[in-house]
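Going line by line, the protein sequences match chains A and B. Heads up: the first sequence at position 150 corresponds to 150 in my numbering, and the numbers run straight through without jumps. Heads up: the second sequence at position 98 corresponds to 98 in my numbering, and the numbers run straight through without jumps.
Hint data in this document are derived by calculation from the structure and do not stem from the laboratory. Careful: at least some of the hints might be erroneous.
[What the hints assert, rightly or not] Below, simulated DMTMM-like cross-link-like pairs (lysine to aspartate or glutamate); rule was C-alpha separation at most 25 angstroms, straight line:
{"no.": "1", "chain 1": "A", "residue 1": "K52", "chain 2": "A", "residue 2": "E42"}
{"no.": "2", "chain 1": "A", "residue 1": "K52", "chain 2": "B", "residue 2": "D94"}
{"no.": "3", "chain 1": "B", "residue 1": "K49", "chain 2": "A", "residue 2": "D81"}
{"no.": "4", "chain 1": "A", "residue 1": "K49", "chain 2": "B", "residue 2": "E149"}
{"no.": "5", "chain 1": "A", "residue 1": "K49", "chain 2": "B", "residue 2": "D81"}
{"no.": "6", "chain 1": "A", "residue 1": "K49", "chain 2": "A", "residue 2": "E108"}
{"no.": "7", "chain 1": "A", "residue 1": "K49", "chain 2": "A", "residue 2": "E149"}
{"no.": "8", "chain 1": "A", "residue 1": "K52", "chain 2": "A", "residue 2": "E105"}
[As the list claims (entries may be wrong)] Incomplete in silico selection of chain A near chain B, CB under 8 angstroms:
{"no.": "9", "residue": "I14"}
{"no.": "10", "residue": "R34"}
{"no.": "11", "residue": "P35"}
{"no.": "12", "residue": "S45"}
{"no.": "13", "residue": "T78"}
{"no.": "14", "residue": "T82"}
{"no.": "15", "residue": "V103"}
{"no.": "16", "residue": "P126"}
{"no.": "17", "residue": "D129"}
{"no.": "18", "residue": "P132"}
{"no.": "19", "residue": "A139"}
{"no.": "20", "residue": "W147"}
{"no.": "21", "residue": "M152"}
{"no.": "22", "residue": "R155"}
[Unchecked claim] Restraint ranges, calculated between C-beta atoms of paired labels, are given here:
{"no.": "23", "chain 1": "A", "residue 1": "E36", "chain 2": "B", "residue 2": "P28", "range": "38 to 44 angstroms"}
{"no.": "24", "chain 1": "A", "residue 1": "T25", "chain 2": "B", "residue 2": "W80", "range": "40 to 46 angstroms"}
{"no.": "25", "chain 1": "B", "residue 1": "T23", "chain 2": "A", "residue 2": "T25", "range": "25 to 31 angstroms"}
{"no.": "26", "chain 1": "B", "residue 1": "R24", "chain 2": "A", "residue 2": "N112", "range": "29 to 35 angstroms"}
{"no.": "27", "chain 1": "B", "residue 1": "W80", "chain 2": "A", "residue 2": "R29", "range": "32 to 38 angstroms"}
{"no.": "28", "chain 1": "B", "residue 1": "P46", "chain 2": "A", "residue 2": "D81", "range": "23 to 29 angstroms"}
{"no.": "29", "chain 1": "B", "residue 1": "W72", "chain 2": "A", "residue 2": "A7", "range": "45 to 51 angstroms"}
{"no.": "30", "chain 1": "B", "residue 1": "F44", "chain 2": "A", "residue 2": "R29", "range": "38 to 44 angstroms"}
{"no.": "31", "chain 1": "B", "residue 1": "A7", "chain 2": "A", "residue 2": "I76", "range": "27 to 33 angstroms"}
{"no.": "32", "chain 1": "B", "residue 1": "R12", "chain 2": "A", "residue 2": "E149", "range": "30 to 36 angstroms"}
{"no.": "33", "chain 1": "B", "residue 1": "T77", "chain 2": "A", "residue 2": "R70", "range": "39 to 45 angstroms"}
Using N, Cα and C, we set each Cβ at its ideal position, and we do this for glycine too.
Protein chains: 2
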Amino acid sequence: MGASRPASVVLRPIGVVRSPYRTRTEAPRQGWFRPEVLSRVEVFSPYVKALKDLEGFSHLIIIYYCHLARPWQPLITTPWDTRLHGLFATRSPDRPNPLGLCVVELVELQGNVLVVRGLDALDGSPVLDIKPYLPTVDAFPNASMGWLEGRMPLR
Amino acid sequence: MGASRPASVVLRPIGVVRSPYRTRTEAPRQGWFRPEVLSRVEVFSPYVKALKDLEGFSHLIIIYYCHLARPWQPLITTPWDTRLHGLFATRSPDRPNPLGLCVVELVELQGNVLVVRGLDALDGSPVLDIKPYLPTVDAFPNASMGWLEGRMPLR
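Just chain A, with the same shape it has in the complex (with noise of 0.2 angstroms):
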């Protein structure tokens, strides 16, 4: 084990999602459930010179901070069936550290802002990194998705 190694970590917002959304309960289960909605990212200024080049990609990758999260629990129910399932094996906003992660299309950046479509963070949320989507070892299409096989609409 690293002696490195924190106890806790500190990071610091990097920007903020601007959203229709603004209430969990008008917020989708996922981004792509509302393919028509498009948010705004806005970067702080001192992170906005590091944005350069990012409107080559069609899709990033946000994380995003769920400051309106509730304390987690280790079992949960979700929309998709009635039983209990592993926090873990559910995007639920309500986790131990409640990290958003949405895969976005990238529709225009404009300055210090990013016009973003299929984000499903509320508005206010703090924005703590973007990353370009690599489909060369983000995209797993084939991928099989355990208990929710079936489940979760397409987008």
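Position chain B relative to chain A; hints supplied.
Using the frame of chain A, we list chain B on its own:
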């Protein structure tokens, strides 16, 4: 802007990576460039119950903390060409928030240990989240790769 938007976010590791990659130079640029290598994600006891039902998923998303990351710079070079690129258009670990993300194959679940393929994390990396990979919303095999197109090896 929500009144509850935090200036910083504190996360606690839910587990730790055990991997043959002990230094930055030993680790591959992407985990899938070394598909023969297996790593272990050891989940700490308060979180083991939440692993229920994970074994049905062929692939998982692992979010970890790059504990040996260096200070970030907005423009960097990478192994793939000689030009400067915006940091957020790269997968460098040296980010404002050094979060690592890998889509891995779940080879075996043994109690609190996930044996996985495709993880590039260094030994001792704190694990922050485990999510099931959902091809319906996570797989975009035709996404375009911007400046990386044709430069990064296929898996």
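Checked hints:
1. Proximity of A/K52 to A/E42 is assessed by CA-CA distance (about 15 angstroms); at most 25 angstroms being required, the pair is judged to hold.
2. Distance check on the hinted pair: A/K52 and B/D94 sit about 16 angstroms apart at the alpha-carbon level, within 25 angstroms; holds.
3. Taken as a hint, the B/K49 and A/D81 pair is honoured in the structure, with Cα atoms around 19 angstroms apart against an allowance of 25 angstroms.
4. The suggested pairing of A/K49 with B/E149 holds, with an alpha-carbon distance near 22 angstroms, which does not exceed 25 angstroms.
5. About 19 angstroms separates the Cα atoms of A/K49 and B/D81, which keeps this hinted pair within 25 angstroms; it holds.
6. Distance hint between A/K49 and A/E108 is fulfilled; the C-alpha atoms sit about 16 angstroms from each other, no more than 25 angstroms.
7. Among the hinted pairs, A/K49 with A/E149 is inconsistent with the structure: their alpha-carbon atoms are about 41 angstroms apart, more than 25 angstroms.
8. Restraint check for A/K52 and A/E105: satisfied, since their Cα atoms lie roughly 17 angstroms apart, inside the 25 angstroms limit.
9. The beta carbon of A/I14 is positioned within 8 angstroms of a beta carbon in chain B (closest approach about 5 angstroms), and the interface hint is therefore held.
10. With a least beta-carbon distance of about 12 angstroms to chain B, the hint placing A/R34 at the interface is violated under the 8 angstroms criterion.
11. Restraint check, A/P35 versus chain B: the minimum CB separation of about 11 angstroms is more than 8 angstroms; hint violated.
12. Residue-level restraint check for A/S45 is violated (minimum Cβ-Cβ distance to chain B is 11 angstroms; threshold 8 angstroms).
13. Using the Cβ-Cβ criterion of 8 angstroms, the hint placing A/T78 at the interface with chain B is not satisfied: the shortest such distance is roughly 11 angstroms.
14. Below 8 angstroms, beta-carbon pairs count as interface contacts, and A/T82 has none with chain B, the closest being about 14 angstroms; its hint is therefore violated.
15. Look at A/V103: its Cβ gets to within about 5 angstroms of chain B, closer than 8 angstroms, so that hint holds up.
16. With its C-beta approaching chain B no nearer than about 6 angstroms, A/P126 sits inside the 8 angstroms limit, and its interface hint holds.
17. Interface hint at A/D129: satisfied, since its Cβ lies 5 angstroms from the closest Cβ of chain B, which is below the 8 angstroms cut-off.
18. Of the supplied interface hints, the one on A/P132 holds, with its beta-carbon coming within about 5 angstroms of a beta-carbon of chain B, less than 8 angstroms.
19. Because the closest C-beta pair between A/A139 and chain B is about 4 angstroms apart, less than 8 angstroms, the hint holds.
20. Using the Cβ-Cβ criterion of 8 angstroms, the hint placing A/W147 at the interface with chain B is satisfied: the shortest such distance is roughly 5 angstroms.
21. With 8 angstroms as the threshold, the beta carbon of A/M152 comes within range of chain B, its nearest partner Cβ sitting at about 6 angstroms, so the hint holds.
22. Given hint, A/R155 at the interface with chain B, holds; its Cβ is 6 angstroms from that chain's nearest Cβ, closer than 8 angstroms.
23. The hinted range of 38 to 44 angstroms is satisfied by A/E36 and B/P28, whose Cβ atoms lie roughly 39 angstroms apart.
24. Our hint of 40 to 46 angstroms for A/T25 and B/W80 holds, since their Cβ atoms are close to 44 angstroms apart.
25. The given range of 25 to 31 angstroms is broken by B/T23 and A/T25, whose C-beta atoms sit roughly 48 angstroms from each other.
26. At roughly 31 angstroms, the beta-carbon separation of B/R24 and A/N112 lies within the given 29 to 35 angstroms, and the hint holds.
27. Range check, B/W80 to A/R29: Cβ separation about 36 angstroms, and the 32 to 38 angstroms hint holds.
28. A beta carbon spacing of about 26 angstroms between B/P46 and A/D81 agrees with the range 23 to 29 angstroms that was offered as a hint.
29. About 23 angstroms separates the C-beta atoms of B/W72 and A/A7, a value inconsistent with the hinted range of 45 to 51 angstroms.
30. At about 28 angstroms, the CB distance of B/F44 to A/R29 disagrees with the hint of 38 to 44 angstroms.
31. At about 30 angstroms, the beta-carbon gap between B/A7 and A/I76 stays in the expected band of 27 to 33 angstroms.
32. Range check, B/R12 to A/E149: Cβ separation about 32 angstroms, and the 30 to 36 angstroms hint holds.
33. Checked against the hint of 39 to 45 angstroms, the C-beta distance between B/T77 and A/R70 comes to roughly 43 angstroms, which is consistent with it.
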